[in-house]
Every structure is written in C-alpha cells, then in structure tokens.
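Residues per chain are reported as follows:
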Amino acid sequence: MDRSSHSRSRRFAPVVAVAAAAALTLAGCSSSSGGKKAEESAGGASAGKATTPQMTVALVTHQSPGDTFWDIVRKGAEAAAAKDNVKLVYSADPNAGNQANLVQNAIDQKVDGIAITLAKPDALKDVVAKAKAANIPVVGLNSGVSEWQKLGLMEFFGQDEVVAGEALGKKLNEAGAKKAVCVIQEQGNIGLTQRCDGVKKTFSGSTETLYVNGTDMPSVKSTITAKLKQDKAIDYVVTLGAPFALTAVQSVDDAASKAKIATFDLNKALTGAISSGSIQFAVDQQPYLQGYLAIDSLWLYKNNGNYMGGGEQPVLTGPAFVDKSNVDAVAQFAAKGTR
Amino acid sequence: MIGMTQQAEPAVTTPPASGPKETDGRTAQRPLVLRLLARPEVGVFLGALAVYVFFLVEAPPVRDGSSMANILYQSSTIGIMALPVALLMIGGEFDLSAGVAVITSALTASMFSYQLTVNVWVGVIVALAVSLGIGFLNGWMVVKTGLPSFLVTLGTFLILQGVNLAVTKLVTTNVATDDISDMDGFSQAKKIFASSFEIGGVQIKITILYWLVFAALATWVLLRTRYGNWIFAVGGNKESARAVGVPVKFTKISLFMLVGFGAWFVGMHQLFTFNTVQSGEGVGQELIYISAAVIGGCLLTGGAGSAIGPVFGAFMFGMVQQGIVYAGWNPDWFKAFLGVMLLGAVLINLWVSRTATRR
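Residue numbers (my numbering), protein chains in the order written: chain A, 1 to 339; chain B, 1 to 359.
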C-alpha cells in the first residue's frame with residue numbers, strides 16, 4: 001500500500017510539470033485568428049414558456065451516434081420542449097429491434113406522447129399498436145412518409161426522400177449536368193437509397209451509385225477520387241450528407257476533375273463552402289423543424305386537440321434549396337448548429 | 001525462445017535483403033527461393049502483387065501514376081496505424097481501441113485549440129499527451145490485472161466511443177468540431193501532417209512517405225535493437241522472457257503507447273486534412289488495422305511477425321478497396337468483392353508458405 005502511494009506521487013510529478021508548462025505555453029500561444037473568440041455569440045431564439053402543466057414526451061430515433069444531422073433534429077425538439085414545458089426523453093438506436101425496445105421503454109414509463117422515426121416501419125408496427133392501446137398519441141418524423149398512416153400514426157413531419165431526390169435531379173438538369181455520381185455513405189440505408197433513386201428518376205443524364213465507408217473520412221476521400229478518375233465523364237458529385245460533400249471538394253481537387261458538387265443536408269462548414277462556390281447547392285430538409293414540430297404537435301394535441309396536417313396529410317419540411325443566392329440568410333443559423 | 005539471446009529470435013524475420021544467416025545449418029541446405037517463400041512477408045508480398053496485377057489488367061485507370069498515388073494514400077492511412085498495431089501483436093497483445101483513439105486525438109487537438117483560441121500546435125501537443133496517456137492506461141491495466149488485452153481494450157474502445165461523442169457535444173454543443181483552418185499554426189501543421197509533394201507530375205501525399213519511413217524504422221527496431229528482441233520475447237513466452245531479464249511490463253506498456261502515438265499521428269493527419277472532425281467516426285477501423293497486420297503475417301497469438309508484412313497487408317486493403325471502384329464494378333457487391341479478394345489474397349499467402357515449407 002505504502003509503496004504504491006509513493007510511486008503514485010512520483011508518477012504524478014511529471015503530470016504536474018506538464019500541466020504547469022501547458023498553462024505557461026497557453027498564455028503565450030493564443031491564436032490571433034479564428035477560434036472560439038471569433039465565433040459569434042448569437043443570441044438564441046428564446047421565447048416565453050407555456051404555463052400548461054408539465055408533460056413528458058419521448059423522442060425515439062434511429063440515429064447513429066455522432067451524426068450532425070440528428071443533432072439538429074434533437075436541438076429542434078429541445079427548443080420546442082423548453083417552450084412548451086415538456087420534459088423530453090431522447091433515445092436512439094440505429095438497429096430497428098433496439099429502437100422498438102426503446103419505444104416499449106417509453107410506453108412503460110407512461111409518457112404523454114411519443115415521436116418516432118420510421119426508418120424500418122415493419123419492426124415498429126407492433127410497438128406502435130401497443131402505444132395506441134395504452135392511449136399514448138404517436139407522431140412520426142423524418143423517415144416513413146409513405147408508411148405513417150398505415151401504422152396509424154397521428155401526424156407526420158418530414159421530407160419525402162424520393163421527392164427530395166427528384167427535386168435535386170431537376171436542379172441538375174437546370175445546371176446542364178450530363179453524368180452524376182450519387183455517393184452513399186451507408187450501404188443498405190433505405191432513406192439514402194431513396195434519395196439516389198429520386199435523383200435517377202428526374203435527372204436526364206446518367207446517374208451512378210458509389211458506396212463509401214462513412215466512418216472513415218480518408219477512405220471516403222480516396223474512393224471518390226478513384227471514381228472520378230475511373231469515369232472522367234462525371235460532371236456532378238451528389239453526396240447525401242454535409243461532411244461528405246466537404247470531403248468531395250478535396251477529392252475533386254485530387255482527381256483534377258471538373259465535376260461540381262451538390263449535397264443533401266446542411267451544416268455550418270457547408271454554408272461557407274456554398275458561399276465560396278466550392279459546393280453548388282444543398283437540399284435542406286430542415287431537420288430542426290422536424291424535431292420542433294414533432295414535439296410541438298404533441299403539446300398542441302394534448303392541450304387543444306389540434307392535428308397538424310389535418311391528420312390526413314404529412315407536413316413536409318423539405319426539400320428547400322440552399323445555394324449562393326440565399327446562403328447568407330441560412331448561414332447565421334447554421335453557425336449556431338440549428339440549420 | 002527460452003534460452004534466447006539478443007540475436008536468437010530475429011533470424012525468423014530477417015528480411016531477404018540482409019542475406020541468409022550462415023549460423024543456421026538446418027535451413028541453409030534448402031534452396032534460397034524456398035527459404036524466401038517460407039517467410040510470411042514474402043507470401044503477403046506475392047498476394048499483394050497478384051491483386052495489383054489483377055487490377056492493372058482489369059481497371060485501366062490504375063495504370064495511371066496519380067491513381068497509384070491515391071491507392072497508396074488510402075493504404076498509408078491504414079498502414080501507419082497497422083505498424084504499431086502489428087508490433088503490439090508481435091508483443092502478444094491487442095488494441096481494439098485503436099480506431100476510435102485516432103478520432104479522440106483529432107477531437108482533442110481541435111477542441112483544445114478552438115475553445116481556448118490558442119495556436120493549434122498547443123492542441124497538437126495536448127493531443128499527443130492524451131494519446132500516449134490512453135496507450136499507457138491500456139498497457140498499465142493489461143499488465144496490472146493480467147486480463148486479456150482483448151477485454152481491457154474492448155472496454156476502452158467503448159469508453160472512448162462514448163467520451164468522443166459526449167465531450168464533443170458538451171464542449172461544442174454540436175457533434176462535430178469547429179473549423180480550425182483559419183487559426184494560427186494551422187498551415188504550418190498542415191504542411192507537416194497533411195501536405196503533398198510532386199514527383200513527375202504526380203501529387204504524392206506526405207503520409208505515404210511517413211508510412212515507409214515508419215516501416216523502415218520499425219523493421220530496424222525489431223531486427224537490430226534490444227527492444228526489438230524484447231518485443232518478440234514478451235509475445236512468445238512472457239514467463240521465460242521475464243526469467244531471462246526482459247522488462248515485460250515496460251515493453252508491453254510502451255507498445256500500447258506506441259499505438260497511442262500512431263493514433264495521434266493519423267488523427268492529426270485527419271484533422272489537418274478535413275479541418276473538422278466528426279465525433280462518431282473511427283468505429284470499425286481497429287479491425288482493419290488488425291487485419292492488415294494479420295494478413296501481413298503477424299500471428300494472432302503473438303511472438304512472430306514483421307513490420308514489412310503489414311505494409312503489404314495495408315497495401316492490399318487499399319488496392320482492393322480502390323481497385324473495385326477503378327474497375328467500375330457494380331457497387332452493390334462492393335463489400336462482397338472486398339471480402340472475396342482479401343480471402344483470395346490470404347489463401348495465396350498460405351499456399352505459398354505451405355508449398356515452400358513442404359519437404
């Protein structure tokens with residue numbers, strides 16, 4: 001015992017020294033550009049708070065950990081929850097079976113409402129029926145625009161992925177593109193595949209699909225470069241997520257290709273790339289709105305019996321286009337990580 | 001192994017270039033070609049060569065110099081990590097946290113610099129300390145508890161995965177770090193970790209150079225230094241290694257820290273290439289590093305292997321991954337192709353070494 005404490009204090013000595021050295025260097029090493037200091041401290045869109053009694057709502061998505069897109073959905077949900085005096089319980093699992101278990105968990109907690117994504121509707125059918133049997137209202141968001149009514153969900157907020165793809169395909173036609181490559185970062189994801197299918201449907205040129213390993217950026221970069229070299233006729237790269245679009249910019253550079261880049265979804269860095277012209281445009285499905293409306297609708301239903309979309313039609317949050325002409329207006333919100 | 005002296009073990013892995021050892025009477029009687037073929041790194045070299053020739057025929061763009069540079073770049077980002085992972089495996093241990101540790105390092109450097117608005121070099125140094133610290137912790141837990149490193153590093157793998165996400169979210173309120181490309185020291189660091197240079201009109205990424213230099217360095221350490229002997233000794237038989245005076249704990253902990261160093265290096269490359277880091281990345285990469293090492297002839301049980309083998313292992317991975325795209329095959333089959341090609345290459349490797357060692 002005694003010995004170990006001695007050796008521990010000896011082991012700590014260099015740590016302390018390093019910490020002290022770090023503190024000293026920090027003082028003399030501040031960056032004169034960029035960084036947190038340069039970040040605008042934009043005030044949040046804070047509004048009042050509802051006086052209705054607190055209710056609990058569960059938001060259960062198929063998010064994989066660390067995805068920028070879902071982070072924005074969640075922020076929207078949190079904003080609505082704060083305004084509506086709602087206690088938000090967020091959980092997520094990309095595996096459909098696990099997602100169903102999480103919904104069951106919410107039912108067991110006797111929440112006042114459930115918002116779910118229907119990436120794999122069949123897997124959630126039973127648990128949605130259970131929620132209805134327990135008199136818990138369920139709304140859908142993001143995925144499942146063609147399935148939500150079949151499952152008996154009250155309302156739906158999202159974008160039809162095929163429609164969004166079709167819109168992007170039309171935009172490519174306007175830009176005079178001849179051959180596009182659609183980059184899928186997760187093989188077998190239905191929503192992503194639907195986007196590419198939509199592009200194929202309306203784009204008058206030819207469309208190829210390319211799978212990349214979304215968890216390894218250097219490999220994404222190399223693979224897109226390889227594709228551009230393999231097929232020099234490609235004049236548009238379509239990515240399905242903002243980080244991949246930014247990587248594609250480097251690939252186009254590496255391959256000395258003339259291809260332009262368009263993408264689905266937005267983030268802070270992407271708005272910068274659009275205004276500098278390295279990325280042409282982005283299709284925005286307004287994830288913040290999806291999260292916000294899903295929570296807000298459950299509050300409205302509980303407190304005023306309202307149905308958004310009249311209970312018959314989905315509420316579409318996209319596709320909205322962001323290009324050079326309107327990027328400045330969007331950029332200030334993207335900088336806060338809410339668009 | 002038991003009575004090993006400084007020169008005893010490396011004979012197994014001496015590369016062909018250094019010539020046959022005249023002291024070994026048993027193998028000297030067999031033809032040189034067979035002796036060469038019996039070496040694991042020669043088998044993987046032939047496997048890699050087969051894959052290379054195959055794609056050279058199948059995919060015309062591969063013949064282009066810049067395409068080869070791209071393939072080598074992909075291979076180098078795997079290969080730089082495969083080296084310390086291979087050394088660790090020769091030393092008899094695993095590190096499953098190696099993939100996410102790369103991202104941990106990149107996140108640390110990026111967030112530290114950005115949040116405190118300091119020169120990015122400060123973040124880079126802090127990240128090095130954190131990475132070495134993680135390696136030390138892994139190694140220390142393994143030697144202290146005597147638990148299999150598979151379990152210990154599975155734990156750190158999960159911890160780091162969660163910490164990467166949670167801390168990034170906590171600090172930046174987003175799941176990706178902020179762009180640091182306009183900060184002091186960035187362009188300088190980019191030159192070191194993520195630049196490229198031109199040879200004959202072809203842009204070569206600097207990671208390729210580092211990869212080869214590190215491989216040469218690792219080979220030298222393994223074959224010509226006392227530390228290299230220690231690595232083989234602790235991986236072969238820990239108890240007898242201890243008995244002949246090999247510092248087992250030091251060797252193992254330092255090997256884990258070496259993996260930490262590799263993670264730092266690759267993490268810095270990613271940060272200075274992409275300017276921002278996604279906190280959820282890196283999962284699954286550890287298996288690719290380990291595969292590259294195993295394909296390269298490192299035994300899963302430890303005690304045998306080389307630093308050159310994993311170089312070809314990583315190259316094989318990069319070649320197959322990009323070759324399929326260069327060949328323009330139906331991408332739906334991508335993963336299946338990858339698996340079949342790798343299995344094929346490994347079988348060639350096995351067949352070659354069996355044929356060569358058959359009497």
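No lab work stands behind these hints: they were computed from the structure.
One or more hints might be untrue.
As a list, the in silico PhoX-like pairs of lysine-lysine whose alpha-carbon atoms are at most 25 angstroms apart [unchecked claim]:
#1 170(A) / 258(A)
#2 36(A) / 190(B)
#3 110(A) / 49(A)
#4 169(B) / 36(A)
#5 336(A) / 249(B)
#6 83(A) / 110(A)
#7 179(A) / 150(A)
#8 335(B) / 120(A)
#9 302(A) / 179(A)
#10 83(A) / 169(B)
#11 75(A) / 336(A)
#12 36(A) / 191(B)
#13 335(B) / 200(A)
#14 150(A) / 130(A)
#15 150(A) / 170(A)
#16 36(A) / 49(A)
#17 120(A) / 132(A)
#18 232(A) / 335(B)
#19 178(A) / 324(A)
#20 179(A) / 232(A)
#21 110(A) / 232(A)
#22 169(B) / 87(A)
#23 75(A) / 120(A)
#24 83(A) / 49(A)
#25 75(A) / 169(B)
These are the hints, each one checked on the structure:
Only pairs whose Cα atoms come within 25 angstroms are accepted, and residue 170(A) paired with residue 258(A) is accepted, the gap being roughly 20 angstroms. A distance of roughly 20 angstroms separates the Cα atoms of residue 36(A) and residue 190(B); the hinted pair therefore holds under the 25 angstroms criterion. Note on residue 110(A) and residue 49(A): the hinted pairing holds, with a Cα-Cα distance of about 24 angstroms set against a maximum of 25 angstroms. Taken as a hint, the residue 169(B) and residue 36(A) pair is honoured in the structure, with Cα atoms around 15 angstroms apart against an allowance of 25 angstroms.
For the hint linking residue 336(A) to residue 249(B), the alpha-carbon distance of about 48 angstroms lies beyond 25 angstroms, and the restraint is violated. In summary, the hint linking residue 83(A) to residue 110(A) is supported, as the alpha carbons are separated by about 22 angstroms, within the 25 angstroms threshold. For the suggested pair residue 179(A) and residue 150(A), the alpha carbons sit about 37 angstroms apart, so the restraint of at most 25 angstroms is broken. As the CA atoms of residue 335(B) and residue 120(A) are separated by approximately 22 angstroms, the hinted pair is consistent with the 25 angstroms bound.
As the CA atoms of residue 302(A) and residue 179(A) are separated by approximately 50 angstroms, the hinted pair breaks the 25 angstroms bound. The straight-line distance between the Cα atoms of residue 83(A) and residue 169(B) is roughly 22 angstroms, inside the 25 angstroms bound, and the hint therefore holds. Of the pairs offered as hints, the one joining residue 75(A) and residue 336(A) holds, with about 10 angstroms between alpha carbons and a cut-off of 25 angstroms not exceeded. Between residue 36(A) and residue 191(B) the alpha-carbon distance is near 23 angstroms, which keeps this suggested pair within the 25 angstroms criterion.
The suggested pairing of residue 335(B) with residue 200(A) holds, with an alpha-carbon distance near 23 angstroms, which does not exceed 25 angstroms. A C-alpha spacing of about 15 angstroms is found between residue 150(A) and residue 130(A), which places the hinted pair at or below 25 angstroms, so the restraint holds. Between residue 150(A) and residue 170(A) the CA atoms are separated by roughly 30 angstroms; this puts the pair beyond 25 angstroms, and the hint is violated. This hinted pair does not check out: residue 36(A) and residue 49(A) have alpha carbons roughly 30 angstroms apart, beyond 25 angstroms.
With a C-alpha separation of about 19 angstroms, the suggested pair residue 120(A) and residue 132(A) falls inside the 25 angstroms cut-off, and the hint holds. The suggested pairing of residue 232(A) with residue 335(B) holds, with an alpha-carbon distance near 24 angstroms, which does not exceed 25 angstroms. Restraint check: the Cα-Cα separation between residue 178(A) and residue 324(A) comes to about 22 angstroms, which is no more than 25 angstroms; the hinted pair holds. Of the supplied pair hints, the one linking residue 179(A) and residue 232(A) holds, its CA atoms being roughly 10 angstroms apart against a limit of 25 angstroms.
A C-alpha spacing of about 57 angstroms is found between residue 110(A) and residue 232(A), which places the hinted pair above 25 angstroms, so the restraint is violated. Under the criterion of a C-alpha separation no larger than 25 angstroms, the hint pairing residue 169(B) with residue 87(A) is consistent with the structure, at around 20 angstroms. Between residue 75(A) and residue 120(A) the alpha-carbon distance is near 23 angstroms, which keeps this suggested pair within the 25 angstroms criterion. About 5 angstroms separates the Cα atoms of residue 83(A) and residue 49(A), which keeps this hinted pair within 25 angstroms; it holds.
Taken as a hint, the residue 75(A) and residue 169(B) pair is honoured in the structure, with Cα atoms around 12 angstroms apart against an allowance of 25 angstroms.
Violated hints, in rising order: 5, 7, 9, 15, 16, 21; the structure is consistent with all others.
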